[in-house]
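First to last, the protein sequences are chains A and B.
Take 1 as the starting number for the first sequence in our numbering and just add one per residue.
Take 1001 as the starting number for the second sequence in our numbering and just add one per residue.
Among these hints, one or two may not hold up.
As the list claims (entries may be wrong) - Mimicking EDC-like on lysine to aspartate or glutamate, the simulated pairs with C-alpha atoms at most 20 angstroms apart in a straight line are:
hint, chain 1, residue 1, chain 2, residue 2
1, A, Lys7, A, Glu128
2, B, Lys1122, A, Glu110
3, B, Lys1073, A, Glu119
4, B, Lys1130, A, Glu119
5, A, Lys54, A, Glu119
6, A, Lys126, B, Glu1136
What the hints assert, rightly or not - Restraint-style ranges between C-beta atoms, simulated for each label pair:
hint, chain 1, residue 1, chain 2, residue 2, range
7, A, Met104, B, Lys1090, 24 to 34 angstroms
8, B, Gly1011, A, Asn37, 33 to 43 angstroms
9, B, Leu1007, A, Thr92, 19 to 29 angstroms
10, A, Asn44, B, Lys1040, 56 to 66 angstroms
11, B, Leu1094, A, Lys96, 31 to 41 angstroms
12, B, Leu1132, A, Ile5, 16 to 26 angstroms
13, B, Ala1068, A, Asn71, 51 to 61 angstroms
14, A, Met104, B, Ala1029, 41 to 51 angstroms
Don't read these hints as lab results, they were simulated from the structure.
Just so you know, even glycine gets a beta-carbon here, dropped at the ideal spot from N, CA and C.
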Amino acid sequence: MFEKINKMFNLNENLLNLYAKREEILSSNIANSETPNYKAMDINFKDAFKKILKQNNSNSFKITLQRTSENHLTPKLQKNNISLFSIEPIKTKNIKIDGNTVDMNRERIEFIKNTLKYEENLIFIKNEIKNIIHVLKG
Amino acid sequence: MSLFNILNIAGSAMTAQSEKINIIATNLANSESIIYKNGKYYPYIAKRVIFESSNSNKTGVGGVKIAAIVNDKNPIQMIYDPNNPLSNTKGYVLKSNTNPITETIDHISASRAYQANIEVLKTVKNMILKTLSIGE
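Let's have the full structure, built from the sequences with the hints guiding it.
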């Protein structure tokens, strides 16, 4: 049963992680808006989401454990590691004289969008928890 | 947790920008200053702050730090003022290369960047609080 509940939250959990990571990248772009030679970064959302969906569809749900001794067993690691999102520099023609490619307008808007999506996901999770509690209470 | 890391990133940017504003204030305040060094008088040379991205990991995501504070390369002004006790034999006085217009513009852009980072901080704080209230 708990496995099923786990799976229910799996997609939203991974999405929250993705949005949080993207928020970090966007805030880094805003922070470095005046740094010479800084290249604005972003996550390729399409690829990252595909990765998440792939992991979500594969049934095996594994937790990696730290090995502190040679005698510990090694679990078979899955290939797709969610934490490795591909972070790439944005392709843009808008390059400042000092080599900086941050476009403040874009960054601010993406930041707000990303925040709203994160909060939207939180509400989905909250509603799922509510549903579970309804079922449990009967 | 990456949300807490954002606080560090925005915080580092705020530190860097306020240091820049600090240097700008120094430049403006000292635009008429004379520095006495090794028995000679020199005009004040404007300072410039150079930012650098402080990415600890390979991804290039990270905060800002101040790489260096360098002297402005603008030429020093020479003004003809023979009555000034600091003038040289030809009657010229060296004056600081501080440009009030550049400083003012830099100040506006630095304070705007500071404000943008404060907005980031506010938003992220709200996000963390909302995340903590899951399941209530």
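Hints versus structure:
1. Distance restraint check for Lys7(A) and Glu128(A): the Cα-Cα separation of roughly 12 angstroms lies within the 20 angstroms cut-off, and the hinted pair is therefore satisfied.
2. Note on Lys1122(B) and Glu110(A): the hinted pairing holds, with a Cα-Cα distance of about 16 angstroms set against a maximum of 20 angstroms.
3. A threshold of 20 angstroms between alpha carbons decides the hint, and for Lys1073(B) with Glu119(A) the separation of about 49 angstroms lies outside it, so the pair is violated.
4. A distance of roughly 8 angstroms separates the Cα atoms of Lys1130(B) and Glu119(A); the hinted pair therefore holds under the 20 angstroms criterion.
5. Between Lys54(A) and Glu119(A) the alpha-carbon distance is near 23 angstroms, which puts this suggested pair outside the 20 angstroms criterion.
6. Distance restraint check for Lys126(A) and Glu1136(B): the Cα-Cα separation of roughly 8 angstroms lies within the 20 angstroms cut-off, and the hinted pair is therefore satisfied.
7. The hinted range of 24 to 34 angstroms is not satisfied by Met104(A) and Lys1090(B), whose Cβ atoms lie roughly 49 angstroms apart.
8. A hinted range of 33 to 43 angstroms for the beta carbons of Gly1011(B) and Asn37(A) is inconsistent with their spacing of about 22 angstroms.
9. Range check, Leu1007(B) to Thr92(A): about 27 angstroms between beta-carbon atoms, so the 19 to 29 angstroms window is met.
10. Restraint check, Asn44(A) to Lys1040(B): a C-beta distance of roughly 60 angstroms satisfies the suggested window 56 to 66 angstroms.
11. Between Leu1094(B) and Lys96(A) the Cβ separation comes to about 33 angstroms, which falls inside the hinted range of 31 to 41 angstroms.
12. The beta-carbon spacing between Leu1132(B) and Ile5(A), approximately 20 angstroms, falls within the hinted interval of 16 to 26 angstroms.
13. For Ala1068(B) and Asn71(A), the hinted distance range of 51 to 61 angstroms is satisfied, since their beta carbons lie about 52 angstroms from each other.
14. Met104(A) and Ala1029(B) have their C-beta atoms about 29 angstroms apart, which leaves the hinted 41 to 51 angstroms range violated.
Checked against the numbered hints listed earlier, the structure breaks hints 3, 5, 7, 8 and 14; every other hint is satisfied.
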